[in-house]
Amino acid sequence: MKKLLLSINNLSVNVEHKKILSKFKLDIKEQEVHAIMGPNGSGKSTLAYTIMGHPKYQVTSGKIIFKNKNILNLSADKRAKLGLFLSFQTPLEIPGLNYFSFLRNSYISTYNKKISVLEFNLLVKKQTKLLHIDDSFLSRALNVGFSGGEKKRAEILQLNLLNPSLAILDETDSGLDVDSLKLVCKSINNLKKENPNFSVIVITHHKKILDFLKPDFVHVMNEGEIIKSGDKSFANNIEKNGFTKIIDEYKKLKPK
Amino acid sequence: MNRNKIQKTSTKSSLKTIKKATKIEKYNFLYSTNNYKVKFDKGLSEDVIKRISKHKNEPKWMLDFRLKSYKKFLKKKTPTWGVGNLKEIDYNNITYFASIDSKENKSWKDVPSSVKKTFDRIGVPKAEQAFLAGVGAQYDSEVVYHRIKEEFEKKGVVFLSMDEGLKKYPKLVKKYFGSVVPLDDNKFASLNSAVWSGGSFVYVPKNVKVDTPLQAYFRINSANMGQFERTLIIADKNSKIHYIEGCTAPKYSSQSLHAAVVEVIALEGATIRYSTIQNWANNIYNLVTKRAFAYKNATIEWVDGNLGSKLTMKYPAIYLKGEGSRGEVLSIAIASKNQMQDAGAKIIHEANNTTGTIVSKSISKDGGVSAYRGLVKIGAGLKNTKSNVKCDAILMDSKSKTDTYPVIIVDEPTAEVSHEATVGRIGEEQLFYLMSRGIEESKAVTLIILGFISEFSKQIPLEFAVELNRLIEMEFENSVG
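Same order as they appear, the protein sequences are chains A and B. Going by this note's numbering, the first residue of the first sequence is number 1, and it counts up by one from there. Going by this note's numbering, the first residue of the second sequence is number 257, and it counts up by one from there.
Hints are not guaranteed to be accurate.
Claimed, not checked - Some chain A residues judged to face chain B by a derived CB distance under 8 Å, without partners named:
hint, residue
1, MET52
2, HIS54
3, ALA76
4, ASP77
5, ALA80
6, LYS81
7, LEU86
8, PHE88
9, PRO95
10, PHE102
11, ASN105
12, SER106
13, ALA141
14, GLN158
None of these hints come from the bench; they were simulated from the model. All of these numbers come straight from a predicted model, not from anything done at the bench. The C-beta atom is built at its ideal place from N, Cα and C for all residues, glycine as well.
Using the sequences and the hints, build the whole thing.
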């Protein structure tokens, strides 16, 4: 039987005193791909940031158990060390911080082991080749002057290097052309093959990425909670009919 | 005078939000040596100046220059502007001359072991091996170790201590000494002119281009020991030189004064870059007058890094005297607890087709105060002049402060002048982004700071950049807690 990797229970989250997530529930087992869809402002990104431990997102109730450990009191770096990864919707630009040096720092910190520049260079070059990233990026400042698509591929490069247990992809597909999207998904599917406890949360507005990643579950979020879940075919339904019908049905059934 | 544009602004900013209380790990050198061969008693008088000059066996004109400077020093009022208080300096509690050994050392072998021990601590021998360049390391007042790579000697490059330069090149020294920074320029330049000792004398002959940087390490190493080095660099027509000066000092509890004068002259077509990294102990007043003249088609670049000291006041200046000359000042300042960095730059356009650039970066933390104070001046009737000023400041917490005092005086309507200033703090989102990659908060802060000053560190040789990064890591990595 597959082990439980992440268990979110009764999670309520405020951002600047406004309630965004409300009694949110989600269980993710090893080797599972969960897609999260939903209208703008439904709390998808808040969920991602909260799992990763952004200090702005205040948890007012509930628990996040990751690998049998309550991670709510852990800072983001400690969560990363435990095996969580967030691919940012808008990766941050850090002027003057060399991309290669950033990657190496992050690798050394996450694994708490030293690696020589040369050795690390080999590791990175393998990834840049896989993801069709020009090596000149490595000597540039982190995300500065990268195009939208370049930023997203750069995120996946980090994902591959850090090889976490749970990857949260926050609209990784936005800004990617079809070829890049295929590359990225292939790379994620590889991680799944190689790493027996690897799981993914895909936050997206588009079915396309799900065609490649083949989610086990598709959830629809609205007003800070999951209102309906289904299997991969559910995404087809959403694409065809939109969220309005699902939301209306849920509201009718929901006890006041 | 018809002033088309006069801009004088002063912005004061301090941040209300504080992320976390910060503590500071200071970078201190614990080594010091006290076996001086000649050390004068504390205090300043005509007699002390005469003794200094006599001890150095100087020509009469230099003694006269010193005595005249001393009179100016006594007359000049202590400046009252600036972020610090200069009135605290007790001139009678300072030793004005000390020498560890009367003869200069050319080989590392000959350097006294006590000095070596101190230098080992800051990595001078390593730097020497790595650079293969001439190292003129100043131990208190005199140069004790001085070696020039054969390449320089062959090319006719003169790299001596100022005292040696005066002995060997009296005409050249007499012509230029005090020509860029007059003896009555300011109180501290007058003081330096009166009691100067050590520093470097560099002459690069016509058409000689030196790619390997010339280095000199300076060091204050005795409590209440003033250091008044004097540097004169002359680059003859179409020559090129990069001079590097690095300073660190051991910590002492009583006050100490460093008042240097640096005069730089780039003759027609010459290029001079002068790089400095200073990390004075935080009880030192660091008051330096640095000025350069750029003649026709010449280039002057000041690269200036200020860490440490109690109060630094330093505004490297460039006078663009010749047509087509170019000046650039790139500086960083880090003000920590009990430290004030009042630094900036001056570029004075006095000819057509001249370009000036000033880039200044500062970081204030743990109550440190930093100020950018700058002057850009473009005279009337000058054609095709350009000047850009950019100052960026980071405030680490609400206790710290940063001020900007840019003065721009433009008397010429066709001049292109821009000024840009930003004040910010380490972004929460940037921090979270790095932390989400497993990087601890303090390390993430350090990486962002290193990125912020990378424009500067890219311009200095690798070894210096490594040392600078190490200093910054020490300063920031334990500061979040």
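Item checked: Interface restraint verdict for GLN158 of chain A against chain B (beta-carbon cut-off 8 Å) -> GLN158 of chain A check passes; min Cβ-Cβ to chain B is 6 Å, inside 8 Å.
- Query: Regarding the hint that ALA80 of chain A lies at the interface with chain B, is the smallest CB-CB distance below 8 Å?
  - Reply: OK, holds: ALA80 of chain A within 8 Å of chain B, min 4 Å.
* Hint check, HIS54 of chain A versus chain B [nearest Cβ-Cβ separation less than 8 Å] -> holds, 5 Å
Q.
PRO95 of chain A was flagged as interface toward chain B. Is the shortest Cβ-Cβ separation under 8 Å?
A. With a minimum Cβ separation of about 6 Å from chain B (threshold 8 Å), the hint on PRO95 of chain A holds.
Would the stated hint for SER106 of chain A survive a check requiring a Cβ distance to chain B of less than 8 Å?
Nearest chain B Cβ about 4 Å off; hint holds.
| task | Tell me if LYS81 of chain A is really an interface residue toward chain B, meaning its C-beta lies closer than 8 Å to one of theirs. | result | Hint holds; LYS81 of chain A Cβ to chain B Cβ min 5 Å, cut 8 Å.
- prompt: With a cut-off of 8 Å, does the beta carbon of PHE102 of chain A approach a beta carbon of chain B closely enough for the hint to hold?
  reply: Constraint on PHE102 of chain A satisfied, holds at 7 Å.
Can we keep the ASP77 of chain A interface hint, with Cβ of chain B closer than 8 Å? holds, 4 Å
Does the interface hint hold: is PHE88 of chain A within less than 8 Å of chain B, judged Cβ to Cβ?
holds, 7 Å
Does the closest beta carbon of chain B sit nearer than 8 Å to the beta carbon of LEU86 of chain A? holds, 5 Å
- Task: Would you check whether MET52 of chain A satisfies its interface hint, that is, whether its CB is within less than 8 Å of any CB in chain B?
- Result: holds, 5 Å
task = Please verify that hint: ALA76 of chain A, Cβ, nearest Cβ of chain B, below 8 Å or not.
result = holds, 4 Å
Figure legend: structure checked against the earlier numbered hints; every hint is met.
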